[in-house]
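Student: Given next are the chains, with one letter for each unit.
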Amino acid sequence: MSENTETAERKGWMATLAKAPDGLLAKTWAQAGVTQDFEWLRAPEIGAVMVRGAMGGTGGAFNLGEITVTRCALRLPDGAVGHAYIAGRDRKAAEIAALCDALMQTESAAVVRARILTPLNDVLHAKRRLKAEKAAATKVDFFTLVRGED
Amino acid sequence: MYVAVKGGEKAIDNAHAWLDELRRGDTDIPEMSIAQIRSQLALSVDRVMAEGSLYDPDLAALAIKQSRGDLIEAIFLIRAYRTTLPRFGGSAPIKTADMACMRRISATFKDVPGGQVLGPTFDYTHRLLDFKLAAEGVPSKAEKAGVVGDEVKPHITDFLNQEGLIQTEPGSDATPPDLTREPLELPASRALRLQALTRGDEGFVLGMGYSTQRGYGRNHAFVGELRIGDVAVEMEIPELGFSVEIAEIEVSECETVNQFAGSKTEPPQFTRGYGLVFGQSERKAISMALLDRALRWKELGEDNSDSPAQDEEFVLYHCDNIQATGFVEHIKLPHYVDFQAELELVRTLRKEATEANAQREAAK
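The listed protein sequences correspond, in order, to chains A and B. Every position in the first sequence, counted from 1, becomes a number in the working numbering once 8 is added. Every position in the second sequence, counted from 1, becomes a number in the working numbering once 1224 is added.
To be clear, the hints were calculated from the coordinates, so they are not data collected in a lab. Accuracy of the hints is not assured; some may be wrong.
[To be verified] Okay, derived cross-link-like pairs now, DMTMM-like style, lysine to aspartate or glutamate, Cα gap no bigger than 20 Å in a straight line:
1) Lys-1368/B <-> Glu-141/A
2) Lys-135/A <-> Glu-1472/B
3) Lys-147/A <-> Glu-1367/B
4) Lys-1289/B <-> Asp-1244/B
5) Lys-139/A <-> Glu-1367/B
6) Lys-19/A <-> Glu-1458/B
7) Lys-139/A <-> Glu-1490/B
8) Lys-142/A <-> Asp-1322/B
9) Lys-139/A <-> Glu-1474/B
10) Lys-147/A <-> Asp-1347/B
11) Lys-19/A <-> Asp-1454/B
12) Lys-19/A <-> Glu-1367/B
13) Lys-19/A <-> Asp-1322/B
14) Lys-139/A <-> Asp-1382/B
15) Lys-1368/B <-> Asp-1454/B
16) Lys-135/A <-> Glu-1367/B
17) Lys-142/A <-> Glu-1463/B
18) Lys-1334/B <-> Asp-1382/B
19) Lys-100/A <-> Asp-1282/B
20) Lys-135/A <-> Asp-1322/B
21) Lys-1234/B <-> Glu-1245/B
22) Lys-142/A <-> Asp-1347/B
23) Lys-1365/B <-> Glu-141/A
24) Lys-135/A <-> Asp-1454/B
25) Lys-19/A <-> Asp-1347/B
26) Lys-147/A <-> Asp-1535/B
27) Lys-139/A <-> Asp-1322/B
28) Lys-142/A <-> Glu-1367/B
29) Lys-142/A <-> Glu-1245/B
30) Lys-147/A <-> Asp-1322/B
31) Lys-1319/B <-> Glu-1474/B
32) Lys-135/A <-> Glu-1474/B
33) Lys-147/A <-> Glu-1463/B
34) Lys-1319/B <-> Glu-1458/B
35) Lys-1556/B <-> Glu-1233/B
36) Lys-19/A <-> Glu-1460/B
These numbers were taken from a predicted model, which means no experiment stands behind them.
Input sequences plus hints: build the corresponding full structure.
Tutor: And the structure:
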C-alpha cells in the first residue's frame, strides 16, 4: 500500500471517529467488546480550534469562531501510536478514538473496522441521507407569473 | 469613573441565592434539562454559539439555563469560558460548496441546478399562534422524498462567474488577523470585519443591514444564495503531518449580489457581500452580507455617503454586545466619589449664580 493510500485511509477513519454523534462512540466501543492496554503519550486535553471561513465562500480566510476540541495521544504495547482530535469535551470519547486509531494500524484492524468503524459510518450515512430526503421533500418550483401589462 | 468599594458581601451572597431560586422557578414544575434546551430551543443555542464565538451546543444550552434565558448574559458566560481554553490551532477554511444543505434558496435564479430547497423554514407560515403547542400535541412528521445521486449543490454565484459577470474573490494563504488575540485596529481588513460581524450582536447587525436597504449607504442587494447545512471542519495536525476532519458543524451562509458600475481598473460587474454564521441564523447571515458589502465602498472606489453602515469605526466598535453591555451597564455600579465631585461643582455653580442674581437685583 502506498503512503498516500495509507494516509487517505487513516484520514477516513479519523474523520468517522471525530464525527460520531454524542455518546455513540462509547456505546459502539462497549458493544464491540475490545479491550486494550496502552500508555498515555498525551492525556486527554480540552481546548479550542479556530474555525475559519473563506471570504465570499472561495477567497482568503477569516476567523469564524472557535469550536471545543478534545485531543489525546497514546501508545499500545506493540508500539502503535494513536491520535485523536475530536469536537466536543468528551475525554472518554477521545480516548476511544485514539485507541481505535492505534488499533487500525495493527492486526486488530479488521475487527475494529467491522465492529466499530462500519457501524459508525452506517449511522453517519443514514443521518445524512435522512436529512437529504427531508430537504428533497421541500424542493420547490417557483413560477414567475405573467402580469398582463403587455 | 468607577472607584472600588468594599463591603456588602452578605447582601451579594443573598442576592445571588435569590437569583438562583428564581432561575429554578416553581419547583412544582419539572426542571429543564440541558438536552431539552439544546433540542427544543435550538435557535437560541445557535445564537449563543455564534455571538459567544464558540461552537459547543451543550455549553450554549447550559449558559442559557444559567442566565434564565437572557441570551446576552449567556453569550457573556460563553465568552468568559472560551478565554480559559488553550488554542490547538486553526482550521482550513470550511468548504461551504460541499455543504450538505437542509435549505438552499436563490432570489436571483429560478431554475438553479440542484433546485430551490426550502428546508425547515418559518417563511410562508401565517404567524398565527399555535395553541396546540400549549396542549400536549403530537408534532408533525417531516415528509421524505427520493434523493438522486450526489446531494452536494454548487454555489449559485459560480454560474455568474462562468460568464465573468461577478468579481472573483482573491485567494490568499495568509493567516487571518484575529481580534480575540490583538486589539481591533483601524482601518480593518475585510477578514477582520467579517470576524467582528459574525460574532456581532444580531439586533445591531440586523438594524445596520436594514439601514443600507433604506438608503443609508448605496447598496441594492439581491440574495444570490442562502444556504444552511452541515460542513466538515478540517485541521492540519502537526504531529501527524496531514490534515484531518475533526468535526461537522451547522452554518448559515448568504451571498448577496450587488451591481457595481466599474472603475478605472475593473469592468462593470457584480460584486459580493458575504455572510457566514454558526448555526441556523439566516437573518444574521443576510444582514452580515449587506453590511460586508456596504463596508467595501473604499476598496471598490464608491462614494462614501457618510452613512453609519459605511463607517467601519462606527460599525466595528459598536457591534459587539458584550463590550456594549459592559460599558452601558457599568454606569449602574457605585460612582459615589465621581458623583460627589459633580455634586460639589453644581452646588458651587448654583451659589455663584444666586449671588450674581442678588447683586443684579441690588443694583436695580
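Student: It remains to establish, for every hint, whether it holds in the given structure.
Tutor: Status of each hint after checking the structure:
| no. | hint | result |
| --- | --- | --- |
| 1 | Lys-1368/B <-> Glu-141/A | holds (5 Å) |
| 2 | Lys-135/A <-> Glu-1472/B | holds (12 Å) |
| 3 | Lys-147/A <-> Glu-1367/B | holds (11 Å) |
| 4 | Lys-1289/B <-> Asp-1244/B | holds (11 Å) |
| 5 | Lys-139/A <-> Glu-1367/B | holds (10 Å) |
| 6 | Lys-19/A <-> Glu-1458/B | holds (10 Å) |
| 7 | Lys-139/A <-> Glu-1490/B | violated (42 Å) |
| 8 | Lys-142/A <-> Asp-1322/B | holds (18 Å) |
| 9 | Lys-139/A <-> Glu-1474/B | holds (13 Å) |
| 10 | Lys-147/A <-> Asp-1347/B | holds (14 Å) |
| 11 | Lys-19/A <-> Asp-1454/B | holds (19 Å) |
| 12 | Lys-19/A <-> Glu-1367/B | violated (34 Å) |
| 13 | Lys-19/A <-> Asp-1322/B | holds (17 Å) |
| 14 | Lys-139/A <-> Asp-1382/B | violated (25 Å) |
| 15 | Lys-1368/B <-> Asp-1454/B | holds (18 Å) |
| 16 | Lys-135/A <-> Glu-1367/B | holds (15 Å) |
| 17 | Lys-142/A <-> Glu-1463/B | violated (40 Å) |
| 18 | Lys-1334/B <-> Asp-1382/B | holds (15 Å) |
| 19 | Lys-100/A <-> Asp-1282/B | holds (17 Å) |
| 20 | Lys-135/A <-> Asp-1322/B | holds (17 Å) |
| 21 | Lys-1234/B <-> Glu-1245/B | holds (17 Å) |
| 22 | Lys-142/A <-> Asp-1347/B | holds (17 Å) |
| 23 | Lys-1365/B <-> Glu-141/A | holds (13 Å) |
| 24 | Lys-135/A <-> Asp-1454/B | holds (11 Å) |
| 25 | Lys-19/A <-> Asp-1347/B | violated (40 Å) |
| 26 | Lys-147/A <-> Asp-1535/B | violated (40 Å) |
| 27 | Lys-139/A <-> Asp-1322/B | holds (15 Å) |
| 28 | Lys-142/A <-> Glu-1367/B | holds (6 Å) |
| 29 | Lys-142/A <-> Glu-1245/B | violated (42 Å) |
| 30 | Lys-147/A <-> Asp-1322/B | holds (18 Å) |
| 31 | Lys-1319/B <-> Glu-1474/B | holds (12 Å) |
| 32 | Lys-135/A <-> Glu-1474/B | holds (14 Å) |
| 33 | Lys-147/A <-> Glu-1463/B | violated (44 Å) |
| 34 | Lys-1319/B <-> Glu-1458/B | holds (9 Å) |
| 35 | Lys-1556/B <-> Glu-1233/B | holds (18 Å) |
| 36 | Lys-19/A <-> Glu-1460/B | holds (11 Å) |
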